[in-house]
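Heads up: the protein sequence lines correspond to chains A and B, in order. For the first sequence, UniProt numbering begins at 1 and goes up steadily by one. For the second sequence, UniProt numbering begins at 1 and goes up steadily by one.
Keep in mind that the hints were calculated from the coordinates and are not lab data. Please read these numbers as outputs of a predicted model, since none were measured by experiment. Among the clues, some could well be false.
[What the hints assert, rightly or not] Far from chain A by the CB rule (all over 12 Å, computed), these chain B residues:
no.	residue
1	Q40
2	E99
3	E100
4	S102
5	T136
6	E170
7	T223
8	K274
9	P275
10	S281
11	G330
12	S331
13	K352
14	V392
15	M395
16	P407
[To be verified] Derived CB-CB ranges, DEER-like:
no.	chain 1	residue 1	chain 2	residue 2	range
17	B	M207	A	K27	45 to 53 Å
18	B	V392	A	T336	53 to 61 Å
19	B	G44	A	P362	30 to 38 Å
20	A	E273	B	K229	31 to 39 Å
21	A	D377	B	Q104	52 to 60 Å
22	A	N292	B	E99	46 to 54 Å
23	A	T336	B	K61	34 to 42 Å
24	A	L74	B	V36	38 to 46 Å
25	A	E477	B	G44	43 to 51 Å
26	A	N154	B	Q104	41 to 49 Å
[Unchecked claim] Calculated cross-link-like contacts (lysine-lysine; reagent style BS3-like; alpha-carbon spacing at most 30 Å):
no.	chain 1	residue 1	chain 2	residue 2
27	A	K157	B	K237
28	A	K40	A	K80
29	B	K86	A	K157
30	B	K96	B	K237
31	B	K165	A	K80
32	B	K54	A	K137
All C-beta atoms, glycine included, are put in the ideal place defined by N, C-alpha and C.
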Amino acid sequence: MVKASATVDIVQKKLVYLYMCSYAALKPDLALLAINTLHKDCADRNPMVRGLALRSMCSLRMPGITEYIQHPILMGLRDKAAYVRRVAVLGCAKMRNLQPDAEIVDAALVNELYGLLRDPDPVVMVNCLRALEEMLKQEGGVVINKPIAHHLLNRIKDLDPWGQSEVLTFLLRYTPRTEEELFDILNLLDDFLHSVHSGVLAATICLFLRLSSAHPAVQADVLERARGPLLSASTAQCRELRFAALCHVQQILRSLPSLFAEQYKKFFCSYSEPNYIKFRKMEILIELVNDNNVAVILEELRAYCTDISPELAQAAIFAIGRIGQNYSEKCMSILTSLLGLKQEHITSAVVQMFRDLVWLCPQCTDLVCQALVDCEDYILDSEGKQALIWLLGVYGDQIPNAPYVLEDIIDNLKTEATPLVKLELLTATMRLFLVRPAETQDMLGRLLHYCIEEESHMAVRDRSLFYYRLLQCGVDETRKVLGSIKSDPFLGGIVSQQQEPVNNWASDFNSLVPIYGKNQWEAIKSARGSMSLSTEEQEEVQPDLPGFEETEQEATTSSSKAVHFEPCLSTSPPISPLSFEQKWLTLQPCRQVVVSWEEGDCAPNILQDALSHSNICALAFSKPHTWPWKAYLYSHGMNTLILAELLLNSSTDSLQITVKQEKDNKEAVDSFICVLEKVIEMMKSSKT
Amino acid sequence: MSASAVFILDLKGKVLIYRDYKGDVSMSEIDFFMPVLMQQEEEGLLCPLISHGKVHFLWIKHSNLYLVAATTKNSNASLVYTFLYKLVEVLTEYFKELEEESVQDNFVVVYELLDELMDFGFPQTTDSKILQEYITQQGNKLEVAKLRVPTTVTNAVSWRSEGIKYKKNEVFIDVIESVNLLVSANGNVLRSDIVGSVKLKVMLSGMPELRLGLNDRVLFSLTGRDKGKSVMMEDVKFHQCVRLSRFENDRTISFIPPDGDFELMSYRINAQVKPLIWIESVIEKFSHSRVEIMVKAKGQFKKQSVANSVEIMVPVPSDADTPRFKTSVGSAKYVPEKNVVVWTIKSFPGGKEFLMRAHFGLPSVEKDEEEGRPPITVNFEIPYFTVSGIQVRYMKIIEKSGYHALPWVRYITQSGDYQLRTNA
Chain A
1 MVKASATVDI
11 VQKKLVYLYM
21 CSYAALKPDL
31 ALLAINTLHK
41 DCADRNPMVR
51 GLALRSMCSL
61 RMPGITEYIQ
71 HPILMGLRDK
81 AAYVRRVAVL
91 GCAKMRNLQP
101 DAEIVDAALV
111 NELYGLLRDP
121 DPVVMVNCLR
131 ALEEMLKQEG
141 GVVINKPIAH
151 HLLNRIKDLD
161 PWGQSEVLTF
171 LLRYTPRTEE
181 ELFDILNLLD
191 DFLHSVHSGV
201 LAATICLFLR
211 LSSAHPAVQA
221 DVLERARGPL
231 LSASTAQCRE
241 LRFAALCHVQ
251 QILRSLPSLF
261 AEQYKKFFCS
271 YSEPNYIKFR
281 KMEILIELVN
291 DNNVAVILEE
301 LRAYCTDISP
311 ELAQAAIFAI
321 GRIGQNYSEK
331 CMSILTSLLG
341 LKQEHITSAV
351 VQMFRDLVWL
361 CPQCTDLVCQ
371 ALVDCEDYIL
381 DSEGKQALIW
391 LLGVYGDQIP
401 NAPYVLEDII
411 DNLKTEATPL
421 VKLELLTATM
431 RLFLVRPAET
441 QDMLGRLLHY
451 CIEEESHMAV
461 RDRSLFYYRL
471 LQCGVDETRK
481 VLGSIKSDPF
491 LGGIVSQQQE
501 PVNNWASDFN
511 SLVPIYGKNQ
521 WEAIKSARGS
531 MSLSTEEQEE
541 VQPDLPGFEE
551 TEQEATTSSS
561 KAVHFEPCLS
571 TSPPISPLSF
581 EQKWLTLQPC
591 RQVVVSWEEG
601 DCAPNILQDA
611 LSHSNICALA
621 FSKPHTWPWK
631 AYLYSHGMNT
641 LILAELLLNS
651 STDSLQITVK
661 QEKDNKEAVD
671 SFICVLEKVI
681 EMMKSSKT
Chain B
1 MSASAVFILD
11 LKGKVLIYRD
21 YKGDVSMSEI
31 DFFMPVLMQQ
41 EEEGLLCPLI
51 SHGKVHFLWI
61 KHSNLYLVAA
71 TTKNSNASLV
81 YTFLYKLVEV
91 LTEYFKELEE
101 ESVQDNFVVV
111 YELLDELMDF
121 GFPQTTDSKI
131 LQEYITQQGN
141 KLEVAKLRVP
151 TTVTNAVSWR
161 SEGIKYKKNE
171 VFIDVIESVN
181 LLVSANGNVL
191 RSDIVGSVKL
201 KVMLSGMPEL
211 RLGLNDRVLF
221 SLTGRDKGKS
231 VMMEDVKFHQ
241 CVRLSRFEND
251 RTISFIPPDG
261 DFELMSYRIN
271 AQVKPLIWIE
281 SVIEKFSHSR
291 VEIMVKAKGQ
301 FKKQSVANSV
311 EIMVPVPSDA
321 DTPRFKTSVG
331 SAKYVPEKNV
341 VVWTIKSFPG
351 GKEFLMRAHF
361 GLPSVEKDEE
371 EGRPPITVNF
381 EIPYFTVSGI
391 QVRYMKIIEK
401 SGYHALPWVR
411 YITQSGDYQL
421 RTNA
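Just chain B, with the same shape it has in the complex (with noise of 0.2 Å):
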């Protein structure tokens, strides 16, 4: 890849910062990249990538900012969006939160970021812990007797530090699985997959050496273990501090973590499973008059298992008014702004049966403009579940001061872009 120039704009294509890495692009171009974009929008053709002149802009959209990327080269594009998310990345690292008045507040440690992230259209030092040593927001407390490079950025091990110190050295280990569903309107389940990663806090001194293991069924397979108990991952990817050489021999997940939170790895599950949350609506729109709308919740989990926050958002038309609702649990809201009833239930037991009737009136001067069908999205959270059923067998920490270190472990499922088309 290589950015000749990097451009974060505001929503109306005002310059907010920009970086010019190479010179071969004017500084000017930039003026045409609004005008193009709406023109796409309006004609229903936004994309991406946009060329105008001799320049190709690469562009992402994070809340009221666009970043932009320009080059004339024919590059990556891939790589090139990776990069302009990994900036969004370390900048919503620094200042939590990346929007236009963030940008604006703290353009002096934007204007160091964009210096040290890439030089020459070329990225550097991205990864943000290590920015994170030698660009402070408080900059000017920097005193010239601390100014060193920090080792990290010629280590050999980059991702990590020496001479870390922990007075408790733990390890805290997230396994999410996110279920991803789509069902059609007749209740076909079109799309089922599980996107799984595994989440690690670690604070532990030194250079420690970890060993993960898990239920792998290959590994299992490999070793002659009985199988019932094995989860299949597929297309495993690991974070570049694993080694992959010999995960690829013997299956054994062995590393040397960055400091902090970091994910370790992800890994997708293409089995059947059964939906976990169930719905079946009934949405009947008499013309003129109402809305009745009828969903039915069902727990496919098992018995012993509590999915936390449950969210189910129905679609209603936009002109309805006066809701009533009916639920046999959780309660019930109208959000007006997103044209859905919200239906929030604190704790869904696995097996049980919930229901919800909701009832709008329509004005009885229908509007012209036709509606989409949006779908009814899930939102949910099963603690101490992962519906692979996927475990931690061990987590092994070594490190040559020989301390004892704990790992802490925590399963949650939770859902991910799980949608129910309907009929109405």
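Excised from the complex, chain A in its bound form (with noise of 0.2 Å):
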């Protein structure tokens, strides 16, 4: 092979050098060999050649190699073809990626780089920053000072997109000293947020939101004009472009939703899409609903309903059923008469669907009792039961055939595989005892006898003993106990998310944060652990906190001993607001605490902000100007969960805390408590 790499063929050395590369790192002792014809190349006058070489060299992943391509590398970088020298600047990145233990980076060689970044092929200039980037990784990448800022804006027309997009994305690193240098840079990239290439496009637009983070207003506008260009994007060809530009557009979305509310039309499905796009469609769709366009976009969300793929005609009903949050009649009739077509995934969406509006919309109860006569034929999945048993065991006295359709159930309790559509039927059927004991009565018992009896699943057994014995104690207590349970009405207003603000995911923007979606990305990142990505990810969520950083910071400072405990609290996993209500209904308070209040009024969005950069989730709130003023939050620390409510009391002037915990841990409590006091506190002085 060593010898076949002597040739003056150009396309069988490049293989006989691919081959080389693949299989160095086997054969160590073999590619060496190869090392003297490599050497040799580097110096024809061929500059492909040279290239070639000098390329293939870097390449091989051995041991021991740095010591021969060090020299070939230098005499690359002064070399007269550019072709080489791009080759060389990145031969720097690999070869430090060879000796990743070697503590020190040739700082001459660093420099040299800096140096070559006026080179005048704009590709040796982009690659110098990558090869850069990669080399001085554990200091923190590249240094973007103001001349090399300079320098790579008025080169930046003369990149390729490629290198456009990367100058972008390294010119994050840069802010400006003054707001005149920032407008200039505002209006010089100006032309870009027009470009062809969505990659430029989506690096643009992220560039200009991290530079005026301190400017709502500019950043308003910049989404403005980025408009057309993301609708293009999102009408792409390619599909898979198309989606990633739909994701940013949802993105956006959450922080400005009227931002195209005039063009929801362009966020109909085709026929032909994929269901992921479809899906994002969707989404995007109900995000964009208002008084205006609410009926043009149910009918199209019912088209979908029936379509083919029952995964997305479900998402169809589920995304109606969100619309129904607001408009909640338009949809109810929409929902009942996709019950008509009698077809099983749609009954069991839809039986869902209003579970979740009769949960938050109570004056849609009448009208669900009515459409869910009949609908127990078509429901065959778990999660369809559930939802209709919930609602058989909620409105058994307005529903007539509530005890019979339990009855047939039960009757086949057998062949039920799974243990929460057993754990359902079990609350529904008490519930439905004590408000018509006679029909129920006999049912109730054969159901207590087979779980108890005959039940394997542990939960289901529990729960039927526990019910028996309830009973026992007398039906006034048993009604006392499973009566008493009322849903909050201020968890509804949980639906209606506050708009985030943009500074929360500009950071995220253009990569693959939205991609992924925000909850997936957390997941898949902390199944990851504190693995290599951790370093470069906290690098990049530092710098966005503008100006609440600072008070941050101060404050921690005066009480060193949150200093200590604040890292220790976060918001994920997140909790659903079912799942927080169960928990604090069912747990002890552990602490209370009184915090004079006499600000009067609290605003919600101010306070959700401040708490969740001390990663505390406010979960809900009542709205404003409303006595007594509640808020609900929750965050995670030091393996518990630690849920917390405040109570605004007008008349005492007043702040109430109540804090309840999963496990026991003082610690946890005294270090929430801590971060909230302060948090109260920054809030009371912000106020006046």
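Using the hints, put the two chains back together into the complex; each one sits in its own frame.
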């Protein structure tokens, strides 16, 4: 093989080198033999051969190669052919990668690379940035100071789109000194908002948002101007690019729901699109609903409900259900009419939506109860069954045939596989028993008997034993226990989520985060634990808490205790309002604190902001100007989940904090309260 | 962006060719790609982004190939997809058809190209015209003497080589407008837009400087001309050769073109236009016996224009049989593998209205599975006509040798994503 590389035929040479690159790691001793030829080729008079040899040599991944490639790389950096310089620059990064444990990066080499940023060849310049970034990973990557930033800005027009988006990303590191400079940069880069390349477009938007993080008006303006390009990217020919663009649109909508409101028709699905695009489009449509277009959008979503793919049809029904939280009447009629199709997956999804709707909009209850008749025959999956059973249990007094439906299910209990359905069934039958004892008594007996005697799932058995003993205490006691659970209507407000400030996601823009979706990304990241990714992640997150971070730092230094505890809190994994409520009702308060609060009203969005920076999630608030004003918070820390309620009492001018926690951990509660008090202090000071 | 490795897989997930650029992803990771993909497909949650362990796979599918980029970084997704599409574009230009067979037949060139397109995970030279100058399919013919770095690789004008010569200097300009349309079942236009593009075929010697004049409304209002016959273009995008600053200042489109074919600019027009070909359909399905289809097509464009090779695809149930057709013009054909009737009309003059009736038998035993409701789709092409009314007013060609060159202009309007939903 080595001999074969000493040929004049360039294609043969290429293949031999490629072969060697793949196998050098396995047979380092043999690969060493090739070094000589490679060295010779590095001095060939044909620049293509020089480049090829250098590239191959740097790609040999074997120990000890560095001493051989150092010299050729240095020569390559000064080569007169730009092609060779390009290769040599990246070669530096490859060399660095081969000796990760070497502590000090060769300063001379770094300087040489910084010098080459002025190279006339644009690709050499971009490669320099890339290489420096790779080499200086430990020191936080390449430094972009004012002269470099300005140099890059001047050169950016000569670059190819790859280089452009790369440079735009590097420019994120640079913070302009003055406002004047900032706006100069924005003006200079304005053209790139109209780039054909969606990558460059996204990079530009990201840079603009980050640069103008202190000027919300500018940010809004940027997004406004990016609307056209984003729309056409969302209708791009390549469906993956379309998908990526849609994901970013969705991200933007979270802060500016009105941005695309008029163009909602652009997000109607076309028959031939793959499902992942259709799912995104539906989610976007939900965000875009307003009084003017609700009828058209619902009509469109209705058409998707009969789609051939059950997943898509269900997603469309869920979408209608979500819109129903604000436009319940229209949605109810659509959902009810869908039941007429008598399709299993449709009926199941509709009933699930019914459950959610009556929970949030109690005014739909009558309609739901009427519609529910006869749909039990078409529900086969367990989610649908759970929803149906829940509805039958809670509204059993309004549904005439409720006991008979439940009886059917109880009779076929042996074939039921999922314990969740059984749990739901137990509760529902108990509830029904309380309102219609005569019809239910017999079947409840059978159900309890079966679940206690024959059931193998522990949770189901425990639950039925619990109910059995409860019944032994008497009906009145049972009624007290089962009947007293009433939802706090404030929790209903959760659904209409607060608009997220742009700066919350600006740092994630144009990365994989919007594509995965934030929750999934968090999951992936936590699954990877503290693997190599995290260092890079943290660097990115740090600079984007403008303004806020400083105040927080001041606050933290004032109380050293908190400095120690604060990092322990975290808002992930998120918990749903429903599970929050369940937990809140089951746990005992472990601490109560009263703070004075004379500032009167509390603006929820400010509080939410402040809390989220301290890693406390505010799940729900009552509306401003309502008394008593309440808020529900939670946070994870030190292996425990902490829940808290804020109760603002206007008569005593005090804020009462009630804290509950899942597992006993005094330290965690201490730190939680400490953080919370600090936030409240800050809010007070900001008010005055 | 940075891709650690690029793979080309066949439909079964077998690796045909891969290139490891960074060495930070184990090459066996790709074995997990296909199982995850299959699982997602089964759950109906297919997504062009797959994560496994600490690797993210971004993939696209082209004919019977999967092109997959693996990365460990939180990189920029659209850029990676663009790169993969660029790879497809380059390979297609080399092999005409990019598919499993052509990759296997030309693996040497694919390796060479992968080597040049990207280094250490960063895209390098991706312009296929420049690549073609130094990677040729008849690689072994390359003689030592001929070997030189093409000037373009390092040129200031990276998209054009110096010293190009033509006997006859010509420029062909194609103005192509695609009409996208989506009509709901009850005949409301849900979405309608025009995507236009100006494509050039440049056969000019030397380093010519070109200037293109369009009836752009912004330009007309700048110069105070009558706006009557001008067009409002939105979201105009140019090939990188166009000097954007000049366009921003005075709406002049000036550029040094690359050699050969390329897309100079694209634009979008949002103005509502009447659907060019309007379809009314009645599809009556009598369960267990028959389907009756009546389709009326109307040309809603100027009488002088003629739409060519009009194809109207009407969906029919998959279990339909014994087709019978009656058409007032053109011919209808049943294509059972796509479950459509294709009604072809060679030439369809504006203002005319045609009718087709079709009759199908249905089996008496109904099949269980429900079918989707595919829309009627229409393909057509109207030459010498643009919906938007855009016009090339002039094309100035200046070269220092002072030759005379001829511009040729052609206008075409064609169907893009043209769909009308049906009731049945």
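Hint check results:
The Cβ of Q40 of chain B does not lie farther than 12 Å from every Cβ of chain A; its closest approach is about 9 Å, which violates its non-interface assignment. With a least CB separation of 18 Å from chain A, E99 of chain B remains clear of the 12 Å interface cut-off, as annotated. At roughly 20 Å, the least C-beta separation between E100 of chain B and chain A is larger than 12 Å, which holds for a residue marked as non-interface. The claim that S102 of chain B lies off the interface holds: its Cβ sits roughly 18 Å from the closest Cβ of chain A, which is beyond the 12 Å cut-off.
Listed as outside the interface, T136 of chain B is inconsistent with that label: its C-beta sits roughly 9 Å from the nearest C-beta of chain A, within the 12 Å cut-off. With a minimum CB-CB distance of about 26 Å to chain A, E170 of chain B clears the 12 Å threshold, and the non-interface call stands. T223 of chain B, annotated as away from the interface, keeps every beta carbon of chain A farther than 12 Å; the closest lies near 22 Å. Separation of K274 of chain B from chain A is adequate, the least Cβ-Cβ distance of about 17 Å exceeding the 12 Å criterion.
The Cβ of P275 of chain B lies farther than 12 Å from every Cβ of chain A, with a closest approach of about 15 Å, so its non-interface assignment holds. Distance check for S281 of chain B against chain A: the nearest CB is about 15 Å away, which clears 12 Å, and the non-interface claim stands. Every Cβ of chain A is farther than 12 Å from the Cβ of G330 of chain B; the closest lies at roughly 24 Å, confirming the non-interface assignment. Remark: the non-interface label on S331 of chain B is consistent with the geometry, its nearest Cβ contact in chain A lying 25 Å away (cut-off 12 Å).
No beta-carbon of chain A comes within 12 Å of the beta-carbon of K352 of chain B; the shortest separation is about 28 Å. For V392 of chain B, the non-interface assignment is confirmed: its Cβ lies about 20 Å from the closest Cβ of chain A, beyond the 12 Å cut-off. Residue-level check passed: M395 of chain B sits 21 Å from the nearest beta carbon of chain A, beyond 12 Å. No beta-carbon of chain A is positioned within 12 Å of the beta-carbon of P407 of chain B; the least distance is around 23 Å.
Distance hint check: the CB atoms of M207 of chain B and K27 of chain A are about 50 Å apart, consistent with the given range 45 to 53 Å. For V392 of chain B paired with T336 of chain A, a C-beta distance near 57 Å keeps the hint of 53 to 61 Å intact. Between G44 of chain B and P362 of chain A the C-beta distance comes to about 34 Å, which sits within the given range of 30 to 38 Å. For the hinted restraint 31 to 39 Å between E273 of chain A and K229 of chain B, the CB-CB distance of approximately 37 Å keeps it satisfied.
At roughly 55 Å, the beta carbons of D377 of chain A and Q104 of chain B sit within the given window of 52 to 60 Å. At roughly 48 Å, the beta-carbon separation of N292 of chain A and E99 of chain B lies within the given 46 to 54 Å, and the hint holds. For the pair T336 of chain A and K61 of chain B, the beta carbons lie near 40 Å from each other, so the given range of 34 to 42 Å is met. L74 of chain A and V36 of chain B have their C-beta atoms about 44 Å apart, which keeps the hinted 38 to 46 Å range intact.
In this structure the hint that E477 of chain A and G44 of chain B lie 43 to 51 Å apart at CB holds, the actual value being about 47 Å. The hinted range of 41 to 49 Å is satisfied by N154 of chain A and Q104 of chain B, whose Cβ atoms lie roughly 46 Å apart. A hinted pair counts as satisfied when its Cα atoms are at most 30 Å apart, and K157 of chain A with K237 of chain B qualifies at roughly 15 Å. Distance restraint check for K40 of chain A and K80 of chain A: the Cα-Cα separation of roughly 18 Å lies within the 30 Å cut-off, and the hinted pair is therefore satisfied.
This hinted pair checks out: K86 of chain B and K157 of chain A have alpha carbons roughly 21 Å apart, not beyond 30 Å. At roughly 27 Å between alpha-carbon atoms, K96 of chain B and K237 of chain B fall within 30 Å of each other, so this suggested pair holds. For the hint pairing K165 of chain B with K80 of chain A, the CA-to-CA distance comes to about 28 Å; that is within 30 Å, so the pair holds. A threshold of 30 Å between alpha carbons decides the hint, and for K54 of chain B with K137 of chain A the separation of about 19 Å falls inside it, so the pair holds.
Checked against the numbered hints listed earlier, the structure breaks hints 1, 5; every other hint is satisfied.
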